[in-house]
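Starting from the structure of chain R, add chain W where the hints point.
Chain by chain, the residues:
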Amino acid sequence: MPPIIEIQKLGKKYSVREVQPYLALRDVVSERIKNIFSKKGNATNDFWALHDLSLTIEKGERVGIIGRNGAGKSTLLKILSRITPPTTGEIKLRGRVASLLEVGTGFHPELTGRENIYLNGSILGLPKKEIDQKLDEIIDFSGVEKFMDTSLKHYSSGMQLRLAFSVAAHLEPEILMIDEVLAVGDMEFQKKCIGKMEEVSKTNGRTILFVSHDLSAISSLTNKCIFLDNGQIRSFGITQDIIGQYASFQKKSITYQQEILRQEPTITKVQLSTSEGNAVHGNGKPLSIVFDVYMPEDDMKNMNLSVQIFNQLGKPATYNWLFDYNQPFCRKKGINTIKIFYPNLKLYKGSYFIRVHLAETKTKQKFQQLDCCYFDVEMLNMTEPDWGWQTDVCQYLEEATWIVNDEV
Amino acid sequence: MEHTETTIKPPAGITINFKELWQFRELFYFFTWRDIKVKYKQTFLGIAWAILQPLAFMLLFTFIFSKTLKLDFSVAIPYPVFVLSGIIVWNLFNASVSHAGESMIQNAAIIKKIYFPRLIIPTSALLVSLFDFFMAFIIFLAITFCYQPIQWTALVYFPAAILLCLLAAFGAGSFLSALNVKYRDFRYAVPFLLQLLFFASQVIYPVNVIKNTQLKYLLALNPVNGALELFRAPLTGLAPDMLLVSISISTTLLLCVAGIIYFRKTESYFADIA
Numbered sequence: 001m002p003p004i005i006e007i008q009k010l011g012k013k014y015s016v017r018e019v020q021p022y023l024a025l026r027d028v029v030s031e032r033i034k035n036i037f038s039k040k041g042n043a044t045n046d047f048w049a050l051h052d053l054s055l056t057i058e059k060g061e062r063v064g065i066i067g068r069n070g071a072g073k074s075t076l077l078k079i080l081s082r083i084t085p086p087t088t089g090e091i092k093l094r095g096r097v098a099s100l101l102e103v104g105t106g107f108h109p110e111l112t113g114r115e116n117i118y119l120n121g122s123i124l125g126l127p128k129k130e131i132d133q134k135l136d137e138i139i140d141f142s143g144v145e146k147f148m149d150t151s152l153k154h155y156s157s158g159m160q161l162r163l164a165f166s167v168a169a170h171l172e173p174e175i176l177m178i179d180e181v182l183a184v185g186d187m188e189f190q191k192k193c194i195g196k197m198e199e200v201s202k203t204n205g206r207t208i209l210f211v212s213h214d215l216s217a218i219s220s221l222t223n224k225c226i227f228l229d230n231g232q233i234r235s236f237g238i239t240q241d242i243i244g245q246y247a248s249f250q251k252k253s254i255t256y257q258q259e260i261l262r263q264e265p266t267i268t269k270v271q272l273s274t275s276e277g278n279a280v281h282g283n284g285k286p287l288s289i290v291f292d293v294y295m296p297e298d299d300m301k302n303m304n305l306s307v308q309i310f311n312q313l314g315k316p317a318t319y320n321w322l323f324d325y326n327q328p329f330c331r332k333k334g335i336n337t338i339k340i341f342y343p344n345l346k347l348y349k350g351s352y353f354i355r356v357h358l359a360e361t362k363t364k365q366k367f368q369q370l371d372c373c374y375f376d377v378e379m380l381n382m383t384e385p386d387w388g389w390q391t392d393v394c395q396y397l398e399e400a401t402w403i404v405n406d407e408v
Numbered sequence: 001m002e003h004t005e006t007t008i009k010p011p012a013g014i015t016i017n018f019k020e021l022w023q024f025r026e027l028f029y030f031f032t033w034r035d036i037k038v039k040y041k042q043t044f045l046g047i048a049w050a051i052l053q054p055l056a057f058m059l060l061f062t063f064i065f066s067k068t069l070k071l072d073f074s075v076a077i078p079y080p081v082f083v084l085s086g087i088i089v090w091n092l093f094n095a096s097v098s099h100a101g102e103s104m105i106q107n108a109a110i111i112k113k114i115y116f117p118r119l120i121i122p123t124s125a126l127l128v129s130l131f132d133f134f135m136a137f138i139i140f141l142a143i144t145f146c147y148q149p150i151q152w153t154a155l156v157y158f159p160a161a162i163l164l165c166l167l168a169a170f171g172a173g174s175f176l177s178a179l180n181v182k183y184r185d186f187r188y189a190v191p192f193l194l195q196l197l198f199f200a201s202q203v204i205y206p207v208n209v210i211k212n213t214q215l216k217y218l219l220a221l222n223p224v225n226g227a228l229e230l231f232r233a234p235l236t237g238l239a240p241d242m243l244l245v246s247i248s249i250s251t252t253l254l255l256c257v258a259g260i261i262y263f264r265k266t267e268s269y270f271a272d273i274a
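So the sequence lines, in the order shown, correspond to chains R and W.
1 is the number of the first residue of the first sequence in this note's numbering; add one for each residue after it.
1 is the number of the first residue of the second sequence in this note's numbering; add one for each residue after it.
Note that these hints are calculated values from the structure, not bench results.
Among these hints, one or two may not hold up.
To be verified - Distance condition first, Cα-Cα at most 30 Å in a straight line; then the derived DSBU-like pairs of lysine-lysine:
id, chain 1, residue 1, chain 2, residue 2
1, R, LYS269, R, LYS346
2, R, LYS9, W, LYS9
3, R, LYS153, W, LYS9
4, R, LYS134, W, LYS37
5, R, LYS301, R, LYS339
6, W, LYS19, W, LYS9
7, R, LYS134, W, LYS19
8, W, LYS112, R, LYS362
9, W, LYS112, R, LYS153
10, R, LYS364, R, LYS153
11, R, LYS192, W, LYS112
12, R, LYS153, R, LYS134
13, R, LYS134, W, LYS41
14, W, LYS112, R, LYS9
15, R, LYS315, R, LYS346
16, W, LYS19, R, LYS9
17, R, LYS333, R, LYS366
18, R, LYS92, W, LYS112
19, R, LYS128, W, LYS41
20, R, LYS128, R, LYS192
21, R, LYS366, R, LYS153
22, W, LYS182, R, LYS362
Looking at chain R on its own, in the form it has when it is part of the complex (with noise of 0.2 Å):
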């Protein structure tokens, strides 16, 4: 039988021009007359963002796809959905397809909540007949069958998720592609969705591809792993064996560097300090990270950079942030370094990596978001209890006193 999926040479560019919102027709004018003067011709930026990346899925399979930001992870699903065509290349899908990008796709506000059950569904592909079979069961799987018959606008945000996963744990498709979607929601109902995809796909062979920076979902609902760098292809194989490459891979540097490239702000450097060498860092040490921000031009105003800290599996254990209307930074043309320093940091021993967000918060335009800086956290100095330092106890170790007996 051949393969239910099958990817020969892929390729997706990008030229700077497209990723940009929208244009302007005065733009374009503009642009054409410049043309004529300078006779440059267009000065196009290309970004290959997927390159020469051939793949086989057999049916059944479900494949997990890892990779940091910017790898193509969500290009390739765009482009196996269809949403954005290859530049290059060529894909062949045998069965009927599915693919889950958003949950909750055409949710419209106005109308109830059974309307919505049947627009939702048939722009996910299921046939009005099928909804008309599946609708009770669509309806009892929710849990919001009282509110059948109101707007949406009344629903809760947790409601609308419930009333959403509910129609795509209904779907039945031969392939079915999964981006991160997962991670909303409230935790108890994600897992009854994820058993009742679960339980489809290992009953009928329904082959799943799904795109999550959770590492922990990926391992518990794949069986192999693709891992994407650059818009290529590291590794494919067994999950396992991918997650544990992927750890070692991220595991370079407490250092982060990079060139300005284009005329707007961006991170030139992260620089961690750990307590210990080898980027290793003493629970409960003081920890201080480094950022040079290159500025294209002066007086830069509501700028905002966040920091998160996190774990092994892709879960954010702390979170800062840096408003320039509460301590004005990054105003001077050129580099600007900032610096964060966080007294003890408490996180519980593990691997650890930084994600910083650079934006604008007037524009809301999002200059960078990056990972970067793994490093491993090791209790010091700090008595170990008898069963040893378990992993996944904990994420931090809160201060807190034990008062026993007569005392209380």
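This is chain W only, laid out in the frame that chain R set:
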């Protein structure tokens, strides 16, 4: 289980995949149904709005032109009937073009997340306007019968006029919807252009007030004029000027071809630029 095989390749060529459109036929229905439902939900008068606006304009124009200014257009039919027929056909065109033109942007969130033949979106926008038209059309028939009879030829001419109008709106609408995604300027230009077109259409004045024949046929490039010529034939009892109608049909076909080609050409990249 049916065996489906899909091949994804870089875009090449401009063809309409009718088989695929047929597979997605339910989506036409659901998009149209959603827009009609949403449009009249939470309105006090509901669908009556589709009727009130043309009626108000009919009264207004009748009052201004025949009662106040006492202009004599020497129309072959009572002026209120004349104006109302003009307004409902114009509204069909106007609403179709402007809804279709905006439709791709309004549905950008869906376009970015799911695949279906994009042509469904502007087409469903047309169907919404057609629904409004039929509401007004019923009232139009009722009012007309109060004044005068309608000839049996209406069974041919009315559908022909509506079809011509819809095709022209489809061409212009799909063209504009694609342009709107790429250049947002057109959102502001379209209402203005449509307003100009209103005065170049024989909605409130008859074609025979234009004495200059060249100008008359030049105005026939406007497909609404061809549609109106056909639509009013069973009312006046006069045969439609077929040269005028043919000119309108030619522009309509041209609009459709240009609209589809441009739409198909830009369609694959909508998700990247919307």
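Here is how each hint holds up against the structure:
At most 30 Å may separate the alpha-carbon atoms for a hinted pair to count; LYS269 of chain R and LYS346 of chain R meet this at roughly 25 Å. Distance restraint check for LYS9 of chain R and LYS9 of chain W: the Cα-Cα separation of roughly 11 Å lies within the 30 Å cut-off, and the hinted pair is therefore satisfied. The straight-line distance between the Cα atoms of LYS153 of chain R and LYS9 of chain W is roughly 40 Å, outside the 30 Å bound, and the hint therefore fails. Taken as a hint, the LYS134 of chain R and LYS37 of chain W pair is honoured in the structure, with Cα atoms around 23 Å apart against an allowance of 30 Å.
For the given pair, LYS301 of chain R sits about 18 Å from LYS339 of chain R by alpha-carbon distance, which is consistent with the 30 Å threshold. The straight-line distance between the Cα atoms of LYS19 of chain W and LYS9 of chain W is roughly 18 Å, inside the 30 Å bound, and the hint therefore holds. Of the supplied pair hints, the one linking LYS134 of chain R and LYS19 of chain W holds, its CA atoms being roughly 27 Å apart against a limit of 30 Å. Distance hint between LYS112 of chain W and LYS362 of chain R is fulfilled; the C-alpha atoms sit about 25 Å from each other, no more than 30 Å.
At roughly 22 Å between alpha-carbon atoms, LYS112 of chain W and LYS153 of chain R fall within 30 Å of each other, so this suggested pair holds. With a C-alpha separation of about 25 Å, the suggested pairing of LYS364 of chain R with LYS153 of chain R holds against the 30 Å cut-off. Of the pairs offered as hints, the one joining LYS192 of chain R and LYS112 of chain W holds, with about 27 Å between alpha carbons and a cut-off of 30 Å not exceeded. Proximity of LYS153 of chain R to LYS134 of chain R is assessed by CA-CA distance (about 24 Å); at most 30 Å being required, the pair is judged to hold.
A threshold of 30 Å between alpha carbons decides the hint, and for LYS134 of chain R with LYS41 of chain W the separation of about 27 Å falls inside it, so the pair holds. Between the alpha carbons of LYS112 of chain W and LYS9 of chain R the distance comes to roughly 24 Å, so the proposed pair stays at or under 30 Å and holds. For the given pair, LYS315 of chain R sits about 16 Å from LYS346 of chain R by alpha-carbon distance, which is consistent with the 30 Å threshold. A C-alpha spacing of about 28 Å is found between LYS19 of chain W and LYS9 of chain R, which places the hinted pair at or below 30 Å, so the restraint holds.
Restraint check: the Cα-Cα separation between LYS333 of chain R and LYS366 of chain R comes to about 19 Å, which is no more than 30 Å; the hinted pair holds. For a cut-off of 30 Å, the pair hint linking LYS92 of chain R to LYS112 of chain W stands: about 22 Å separates their Cα positions. A threshold of 30 Å between alpha carbons decides the hint, and for LYS128 of chain R with LYS41 of chain W the separation of about 23 Å falls inside it, so the pair holds. Proximity of LYS128 of chain R to LYS192 of chain R is assessed by CA-CA distance (about 25 Å); at most 30 Å being required, the pair is judged to hold.
The straight-line distance between the Cα atoms of LYS366 of chain R and LYS153 of chain R is roughly 29 Å, inside the 30 Å bound, and the hint therefore holds. About 24 Å separates the Cα atoms of LYS182 of chain W and LYS362 of chain R, which keeps this hinted pair within 30 Å; it holds.
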